[in-house]
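**Student:** Chain by chain, the residues run as shown.
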Amino acid sequence: MSANNIKLLAGNAHPELALLISKNLSIPLSKIGVYQYSNKETSVTIGESIRDEDVYIIQTGIGEQEINDFLMELLILIHACKTASVRRITAVLPNFPYARQDKKDKSRAAITAKLIANLLQTAGCDHIITMDLHASQIQGFFRIPVDNLYAEPSVLNYIKTKTDINNAILVSPDAGGAKRVASLADKLDLNFALIHKERQKANEVSRMVLVGDVKGKSCLLIDDMADTCGTLVKACDTLLDNGAKEVIAIVTHGIFSGNAREKLQNSRLSRIVCTNTVPVDIDLPIVDQIDISPTLAEAIRRLHNGESVSYLFTNAPV
Amino acid sequence: MGDIVVFGGSSHPELVNMICENLGVPSSRVDLSKFSNGETNVQIGESVREKDVYLIQSGCGHVNDNFMELLIMISACKSASASRITAVMPYFCYSRQPDIPFTSKGAPLITKANKNSNIEGDILSPAPSALMTQRPGSMSPFKVADEEVRTSTNQTLKKSVSASRIPIVSSKKDPKGTEANEAFNAQNAGYKLWVAQSGTLIANLLTAAGADHVITMDLHDPQFPGFFNIPVDNLYCRPLVQNYIQHHIPDYKDAVIVSPDAGGAKRATAIADSLELSFALIHKERRSQLLKGPPDATLTSGGGLNVSTTPLISNLNSTEITNSPSKYIQTTMLVGDVRNKVCIIVDDLVDTSYTVTRAAKLLKDQGASKVYAIVTHGIFSGDALARIAQSEIDQFVISNTVPQDETISALGKDKVGIMDVSRVIGEAIRRIHNGESISMLFEHGW
Numbered sequence: 001m002s003a004n005n006i007k008l009l010a011g012n013a014h015p016e017l018a019l020l021i022s023k024n025l026s027i028p029l030s031k032i033g034v035y036q037y038s039n040k041e042t043s044v045t046i047g048e049s050i051r052d053e054d055v056y057i058i059q060t061g062i063g064e065q066e067i068n069d070f071l072m073e074l075l076i077l078i079h080a081c082k083t084a085s086v087r088r089i090t091a092v093l094p095n096f097p098y099a100r101q102d103k104k105d106k107s108r109a110a111i112t113a114k115l116i117a118n119l120l121q122t123a124g125c126d127h128i129i130t131m132d133l134h135a136s137q138i139q140g141f142f143r144i145p146v147d148n149l150y151a152e153p154s155v156l157n158y159i160k161t162k163t164d165i166n167n168a169i170l171v172s173p174d175a176g177g178a179k180r181v182a183s184l185a186d187k188l189d190l191n192f193a194l195i196h197k198e199r200q201k202a203n204e205v206s207r208m209v210l211v212g213d214v215k216g217k218s219c220l221l222i223d224d225m226a227d228t229c230g231t232l233v234k235a236c237d238t239l240l241d242n243g244a245k246e247v248i249a250i251v252t253h254g255i256f257s258g259n260a261r262e263k264l265q266n267s268r269l270s271r272i273v274c275t276n277t278v279p280v281d282i283d284l285p286i287v288d289q290i291d292i293s294p295t296l297a298e299a300i301r302r303l304h305n306g307e308s309v310s311y312l313f314t315n316a317p318v
Numbered sequence: 001m002g003d004i005v006v007f008g009g010s011s012h013p014e015l016v017n018m019i020c021e022n023l024g025v026p027s028s029r030v031d032l033s034k035f036s037n038g039e040t041n042v043q044i045g046e047s048v049r050e051k052d053v054y055l056i057q058s059g060c061g062h063v064n065d066n067f068m069e070l071l072i073m074i075s076a077c078k079s080a081s082a083s084r085i086t087a088v089m090p091y092f093c094y095s096r097q098p099d100i101p102f103t104s105k106g107a108p109l110i111t112k113a114n115k116n117s118n119i120e121g122d123i124l125s126p127a128p129s130a131l132m133t134q135r136p137g138s139m140s141p142f143k144v145a146d147e148e149v150r151t152s153t154n155q156t157l158k159k160s161v162s163a164s165r166i167p168i169v170s171s172k173k174d175p176k177g178t179e180a181n182e183a184f185n186a187q188n189a190g191y192k193l194w195v196a197q198s199g200t201l202i203a204n205l206l207t208a209a210g211a212d213h214v215i216t217m218d219l220h221d222p223q224f225p226g227f228f229n230i231p232v233d234n235l236y237c238r239p240l241v242q243n244y245i246q247h248h249i250p251d252y253k254d255a256v257i258v259s260p261d262a263g264g265a266k267r268a269t270a271i272a273d274s275l276e277l278s279f280a281l282i283h284k285e286r287r288s289q290l291l292k293g294p295p296d297a298t299l300t301s302g303g304g305l306n307v308s309t310t311p312l313i314s315n316l317n318s319t320e321i322t323n324s325p326s327k328y329i330q331t332t333m334l335v336g337d338v339r340n341k342v343c344i345i346v347d348d349l350v351d352t353s354y355t356v357t358r359a360a361k362l363l364k365d366q367g368a369s370k371v372y373a374i375v376t377h378g379i380f381s382g383d384a385l386a387r388i389a390q391s392e393i394d395q396f397v398i399s400n401t402v403p404q405d406e407t408i409s410a411l412g413k414d415k416v417g418i419m420d421v422s423r424v425i426g427e428a429i430r431r432i433h434n435g436e437s438i439s440m441l442f443e444h445g446w
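Chains as they are written, first to last, in this note's numbering: chain A, 1 to 318; chain B, 1 to 446.
The shape of chain A in the complex, shown without the other chains:
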């Protein structure tokens, strides 16, 4: 087979991230147009030849009003590339949409994450790159390879350089995240505490119990995503009530939907740190961002060259 090149395509969900990735790879974004007709159907045009190229489509799952629009954009882009005879299509989904609807938790509930997996494959996707999947089992919903990258190395760097590590303790806001936090705690050689929460309805948390001692410590609250921020704010209150000195929340996906902004503004969190897997448009002074585009860019480069990506699970490229 003749040599082929990386082509980077970007949807409308997160153009800033696409540009950062493109800068990291020194490859310009391809010329495409993704539009919406006046009747709200999505239209895609591709302005340059992508025949027999290695195509990466960058689109993240975000948007209180537009998440389905962005998803359709991605599907139509994939389909357009497929019919334009590309060699391989990789969907780069830093935040996988519908990742939390991954199980039949009630009778006749839809396993929408599985549906999304099917839709992506039906459209013609050959490979998926994503980051910090809510449940890593979602990889099993696909018949195509899924590279689930971790923000952990970048988070580690952040903690080492920008927080007071000597007096810190890591806290998981729920039992499900304990594994993630334990792994970080091992690498930083820190203690960790756990908050047990009882959830009665989606997006609502009722009661919290702290397991571990946080008195006088600077708490680093670690989670994979912050959506309505109810959990984070309540966890923060629980920690401070138990004598913590300060609370810094570090999450991978900062979705901040609903009235998250007000909640954060009124909260006693001293800082909230998220990565740029999704665009963050709340302008609070306590919000800080970690750039994970080097990791995504390096994954794309390695994937294209057929190199191992496992290096990226433990190291953050700069």
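Heads up, a few of these hints could be off.
Claimed, not checked - Straight-line Cα separation of at most 25 Å, DSS-like style, residue types lysine-lysine; simulated pairs:
1. B:K78 to B:K34
2. B:K413 to A:K104
3. B:K253 to A:K40
4. A:K104 to B:K78
5. A:K103 to B:K78
6. A:K263 to A:K197
7. A:K201 to B:K253
8. A:K187 to A:K162
9. B:K34 to A:K263
10. B:K34 to A:K106
11. A:K114 to B:K78
12. B:K364 to B:K266
13. A:K106 to B:K78
14. A:K197 to B:K34
15. A:K114 to B:K34
16. B:K34 to A:K234
17. B:K413 to B:K370
Simulated from the structure, these hints should not be mistaken for lab results.
For this one, chain A is given, so just place chain B on it according to the hints.
**Tutor:** Frame of chain A, contents of chain B only:
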């Protein structure tokens, strides 16, 4: 096959209720909501195990939201062990497949009207691509002009992306869109813009979600069912249209059926033949005055911009041409006699309404006494309703495949006629459930 179960999506609850009334089956409970992050949430409220499930969702409103909702409903029913799942889509979204690029001025499917939209009314119209009408099989005489390529550097792409995020099309001037179009048309790289054809994709997505059968109505492309690997029943609105003409249009025997463009001729002649009416056709022809010379001489400025001032354009030798917008002449011809007659414009779909309002104007100019428009799917995007309110159309008749409350309130009750499709769809569901033939519905309606 188990019992019939009907679920309605959130796009058109009124039609769902009417269909259920006609079927004598109550619509089953389904909770449709959104999580706070925008993700669609579907909760099927009744057992569907081994049932024959019908999901009704029209492709209107926020199209992508409604389509995803349908897919999730299908998937939820599938995983809840339904024996057969039929997607009922009265209006099928993404059924039109444009093959030319979108412009900031509107959906390219629909021809644009100018204030003086008669014979040469489009001379001042900007982008040729915005002016093309596509019907399947219609030959574009301006292929060359369509080969405008968006070339952009890294930075300009960003502009175009951010501009394209804005869904407005009807709004007056979008400065960002202007830049995008500049970039788009700045150079001719000899590559024909690849426009995604999403028909096959939509068909595959429905199948992938788990649909076993599709019922729809008056598909824009007769080829569309061929994209599916599952049966597609395309119902026709024609019997309803004939019925409406016979019962609601006085002196219909002297009326003329008019097709607003060549693509719809077949649809219109079928109705004219069965009612034994005469037939007229509006034919649009677009001629370029400057089709000679090197290919890049046909470059045009997209979106009616004064691109000639930008350096990107000025290095082309076509500045002068780009500057003169009057290089296209559109001739609109009416084939057939309509003087002092009642005209009935028949079409399958009205979206931005340029085609139909312009056709009405032409008919009135040619001496038509009264103009009716009978259209199956009334999408009315952008400022379509305002345009129709000001147009020469005396009465607008549409079906309720798409909610029409807004249309009635915008145009007034007297000016709007509604054809009810719920009986046809309900009967089709009943027949499909019972394994009976539905072909008589094609001829006689219900």
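**Student:** Going through the numbered hints above, which ones does this structure break? Give me the numbers in ascending order.
**Tutor:** 2, 3 and 7
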